[in-house]
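S.K.: Here is what each chain is made of, one letter per residue.
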Amino acid sequence: NAGVTQTPKFRVLKTGQSMTLLCAQDMNHEYMYWYRQDPGMGLRLIHYSVGEGTTAKGEVPDGYNVSRLKKQNFLLGLESAAPSQTSVYFCASRKTGTGELFFGEGSRLTVL
Amino acid sequence: ELKVEQNPLFLSMQEGKNYTIYCNYSTTSDRLYWYRQDPGKSLESLFVLLSNGAVKQEGRLMASLDTKARLSTLHITAAVHDLSATYFCAVPDTSGTYKYIFGTGTRLKVLA
Numbered sequence: 063n064a065g066v067t068q069t070p071k072f073r074v075l076k077t078g079q080s081m082t083l084l085c086a087q088d089m090n091h092e093y094m095y096w097y098r099q100d101p102g103m104g105l106r107l108i109h110y111s112v113g114e115g116t117t118a119k120g121e122v123p124d125g126y127n128v129s130r131l132k133k134q135n136f137l138l139g140l141e142s143a144a145p146s147q148t149s150v151y152f153c154a155s156r157k158t159g160t161g162e163l164f165f166g167e168g169s170r171l172t173v174l
Numbered sequence: 005e006l007k008v009e010q011n012p013l014f015l016s017m018q019e020g021k022n023y024t025i026y027c028n029y030s031t032t033s034d035r036l037y038w039y040r041q042d043p044g045k046s047l048e049s050l051f052v053l054l055s056n057g058a059v060k061q062e063g064r065l066m067a068s069l070d071t072k073a074r075l076s077t078l079h080i081t082a083a084v085h086d087l088s089a090t091y092f093c094a095v096p097d098t099s100g101t102y103k104y105i106f107g108t109g110t111r112l113k114v115l116a
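Here the protein sequences line up with chains A and B, keeping their order.
Its first residue numbered 63, the first sequence is counted upward by one per residue in my numbering.
Its first residue numbered 5, the second sequence is counted upward by one per residue in my numbering.
The hints are simulated quantities; they were obtained by calculation from the structure and are not laboratory data.
Every residue gets a Cβ at the ideal spot worked out from N, C-alpha and C, and that includes glycine.
Hints are not guaranteed to be accurate.
Across the chosen pairs, the derived CB separations fall in these ranges [what the hints assert, rightly or not]:
| id | chain 1 | residue 1 | chain 2 | residue 2 | range |
| --- | --- | --- | --- | --- | --- |
| 1 | B | Asn22 | A | Lys76 | 46 to 56 Å |
| 2 | B | Thr32 | A | Thr160 | 16 to 26 Å |
| 3 | B | Asp97 | A | Gly65 | 18 to 28 Å |
| 4 | A | Gln79 | B | Glu19 | 24 to 34 Å |
| 5 | A | Glu121 | B | His79 | 25 to 35 Å |
| 6 | A | Asn127 | B | His79 | 15 to 25 Å |
| 7 | A | Pro145 | B | Lys60 | 38 to 48 Å |
| 8 | B | Lys21 | A | Thr69 | 34 to 44 Å |
| 9 | B | Ser49 | A | Phe72 | 17 to 27 Å |
| 10 | A | Val112 | B | Thr32 | 18 to 28 Å |
| 11 | A | Lys71 | B | Ala73 | 37 to 47 Å |
Using the sequences plus the hints, can you model the full thing?
M.R.: Here is the structure:
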């Protein structure tokens, strides 16, 4: 059982470049989330989705876009990367009922 | 705005000692979650607390929830080195948004 899978695991970008992070879950969860983790800041919610075709903003949505075209996939896009977006990004999906979150392994992004 | 505060932020303790980590939150949520994160790794679920008075135990860790006080505790009994990690509490937003807000984490180091 793969759970939540994120790709890529590591990426280095130059300022202004674009990229997409992919999150895939095989647990049939409705809700999915993108967080970023920075030292001393804990996890901050970027965007989330409560179902296929729906997305909503979290605490720090600026500079990011998301799409949920299929229930199992949640994409996070950076249109024009900035050094402030250097971070570790975690995707999570929510178990129906208990509300427990299951996390992917993380994607470490460096923007030069 | 939902706020989640953990203390202490850093904890260095000797093996065999007991200690408690506190998680305070600002809403009326009746659920709370604890996660563990090892350095460079993802978050894994430790405890799911779903009601006032809930108590869960796993090995040397015990978590409890007091929704009236808006407080959860994570108690460590007779600490061992393997418990060294960062511990996060998370609270669901009760405004109907299905967001989860994380505390800033408690970095625990158990010294041999």
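S.K.: Sort out which numbered hints this structure fails and list those numbers smallest first.
M.R.: Violated hints: 4 and 6; rest satisfied.
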